[in-house]
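Line by line, the protein sequences give chains A and B. If you're matching positions, the first sequence starts at 1 in full-length UniProt numbering and goes up one per residue. If you're matching positions, the second sequence starts at 1 in full-length UniProt numbering and goes up one per residue.
Simulated from the structure, these hints should not be mistaken for lab results. Only a predicted model underlies this, so the values are computations on that prediction, with no experimental measurement involved. Worth double-checking, as some hints may not be accurate.
[Stated by the list, open to error] Covered stretches of chain A (in silico footprint by chain B; criterion: 3 or more residues with CB under 8 Å from a CB of chain B, positions within the stretch not fixed): (1) 37-44; (2) 231-241.
[Said to hold, decoys possible] Computed beta-carbon distance windows for the label pairs: (3) P138/A <-> G52/B: 18 to 28 Å; (4) G85/A <-> I15/B: 30 to 40 Å; (5) N232/B <-> I154/A: 17 to 27 Å; (6) A195/A <-> S45/B: 53 to 63 Å; (7) F107/B <-> H208/A: 28 to 38 Å; (8) L73/B <-> L49/A: 39 to 49 Å.
Glycine is no exception: its CB is placed at the ideal position from the N, C-alpha and C atoms.
For reference, the chains in residue letters:
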Amino acid sequence: MSLTPASDIVGKKPGRGLTGLLLVAIPVLLVCWMVIWPIISAIGRTLWLPNDGGTGRSFSVETYKFFFSDQYSLNNLYVTLWTTGVCAVLLVLICLPIALYLRFAKGRLAAYVQGLAIFPMFVPSIILSYAIIRVLGPNGTVDLLLNSVGLPHIRSPYLTPWGPVIGLVWDNIPLTVLILISGLGAVSNQSIEAARDVGAGRFAVLWHIILPRISNSILVAVSFTVLGIFSSFTLPYVLGPAAPEMMGPFMQRTFRDLNDPTNAITQAVIAFAFCIVFGLFYVRSVAKNRAR
Amino acid sequence: MAGALTEKRIDWTGIGFAVVLTLVIIFPLVVVGTWAFANVWRYPSVIPQEFGLRYWNQTLARPDVWSAITMSLSLSTVVTFLSALICLPAAYAFARLEFPGRSILFFSFLAGQAFPKFGLLVAIAGIFLTLNLIGTFWGVVLIQLVGTLLFMIWIPVAAFQAVDRRMEEAARDVGASPVRVFWSITLPQAGPTIAAAVLLSFVGTFYETEGAWLIGAPQIRTLPVLMISFINNQPVIQYGAVLSVLLWIPSFIALLFARRVISSGSFAKGFGG
Chain A
1 MSLTPASDIV
11 GKKPGRGLTG
21 LLLVAIPVLL
31 VCWMVIWPII
41 SAIGRTLWLP
51 NDGGTGRSFS
61 VETYKFFFSD
71 QYSLNNLYVT
81 LWTTGVCAVL
91 LVLICLPIAL
101 YLRFAKGRLA
111 AYVQGLAIFP
121 MFVPSIILSY
131 AIIRVLGPNG
141 TVDLLLNSVG
151 LPHIRSPYLT
161 PWGPVIGLVW
171 DNIPLTVLIL
181 ISGLGAVSNQ
191 SIEAARDVGA
201 GRFAVLWHII
211 LPRISNSILV
221 AVSFTVLGIF
231 SSFTLPYVLG
241 PAAPEMMGPF
251 MQRTFRDLND
261 PTNAITQAVI
271 AFAFCIVFGL
281 FYVRSVAKNR
291 AR
Chain B
1 MAGALTEKRI
11 DWTGIGFAVV
21 LTLVIIFPLV
31 VVGTWAFANV
41 WRYPSVIPQE
51 FGLRYWNQTL
61 ARPDVWSAIT
71 MSLSLSTVVT
81 FLSALICLPA
91 AYAFARLEFP
101 GRSILFFSFL
111 AGQAFPKFGL
121 LVAIAGIFLT
131 LNLIGTFWGV
141 VLIQLVGTLL
151 FMIWIPVAAF
161 QAVDRRMEEA
171 ARDVGASPVR
181 VFWSITLPQA
191 GPTIAAAVLL
201 SFVGTFYETE
211 GAWLIGAPQI
221 RTLPVLMISF
231 INNQPVIQYG
241 AVLSVLLWIP
251 SFIALLFARR
261 VISSGSFAKG
271 FGG
């Protein structure tokens, strides 16, 4: 899936170079204007703040100092890190067994399980939020069922930090499973059979043969999850508590409701800083796959 | 785990996964579906007291629902059309022409993937603020257009590369013009994949909530944005349920078309798998 080798290229005449550049110009400029420039500008305008007198700008880390000394902001950052970490761990724990099962199982039941694992991809997160409220919310279906057999209500995760966790894990199952299955494709049946032949148990096979080979896929899946969850908006906004709130809703509220773009953009830059390692690793893996 | 010896054993692991996943994934959606067709469902009855279409009539009679449907459809159409207009020629150029910086420009579309999305949206919103694009239709179009670029370029590039070059050359040899070759050989072969990319970008835009909410609210109300306000402020549960079922239709159509694409491993590779 790499770009075509040079021998396959039609345009070798000098004029063709310009045609190619012109054809790709608009989308490339759009990426520059709407991705690269906003990031540079975000860093610039939060570090060079307007002077008090209203004339010119000068270097200042004031907004960052405010963020890291404001307990409310720190709580929001903490709950975001907590949610991201919990979701990443849960996703690996849930999806790895599913992926292992799907790698080795054949037949109709396996196809059904795979279909179910991929299905959340086709459920928009806003519908998912609504479904979670109806099932796990106060007087939701779980309460109805418990009540009908005489058991007490559950402590609903709706509007607690666990609400977004449930939603985000549900939402991220498909891609995590797909990435892990794709990684498990690199584990050959022979290597597993060979280990079995010398008496390795299931756990030993998993630990010594399978995990070392798919550790990269696990890292890719975790990076993708971290990037998606750290600044997720819809699920935490609808399912999470009003305070502390995750960075997504926090940025939105600071930008629109408090009408304070400078602090909102500071929060965005802080989010970039926390995710940059995962982001670069993820992009590198995608690029490597594509160039292969 | 699969082998000649184990074939006859009952696949308990599989049954376990199937049962748990059915409960966790399908059950909540069935509950929403049931709410949409419940005329009366009072606590603590386990099933609705009365089924019917009453709330379908009421929901579809609301003007805010219709204006949100119109807004969502026109946004998705405009974004998909513009995206196809600028991305497909670019994809063709990436697949077939040599020009300076081709490789780095091709991978530049990944840039947006390295950053947490909502942070990027806030950074873009900061720029839109100075351009007075906040709360406007075209502001939302721009932000959603950027979200479609990666798919609308990378998938069609793969499609153009997969076209059989010998057929194109053969057509040229018997005197077909380049336009004719493109129209009769290249497009029919690359067409289905490109159509899938267009569908993906339409459906993706239809459900795009965060950009629409951050940039468009309160003037621009798409269906997902309306759904958020139903969840937050609407005491009648059924309105949200009916809207959920309506909202799911584009996803259902995508599901019918995309199942084959996604099951074939190459899709996961696109996400770095």
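Hint by hint, here is what the structure shows:
1. Here's how the stretch 37-44 of chain A fares: 5 of its residues keep a CB closer than 8 Å to some CB of chain B, so the rule of at least three is met and the hint holds.
2. With a threshold of 8 Å between beta carbons, the proposed coverage of the stretch 231-241 of chain A by chain B holds, since 6 of its residues qualify and at least three are required.
3. At about 25 Å, the beta-carbon gap between P138/A and G52/B stays in the expected band of 18 to 28 Å.
4. Between G85/A and I15/B, the C-beta spacing of about 32 Å keeps the proposed range 30 to 40 Å intact.
5. Range check, N232/B to I154/A: about 22 Å between beta-carbon atoms, so the 17 to 27 Å window is met.
6. A beta carbon spacing of about 55 Å between A195/A and S45/B agrees with the range 53 to 63 Å that was offered as a hint.
7. The given range of 28 to 38 Å is respected by F107/B and H208/A, whose C-beta atoms sit roughly 36 Å from each other.
8. For L73/B paired with L49/A, a C-beta distance near 43 Å keeps the hint of 39 to 49 Å intact.
In summary, the structure agrees with every hint in the numbered list given earlier.
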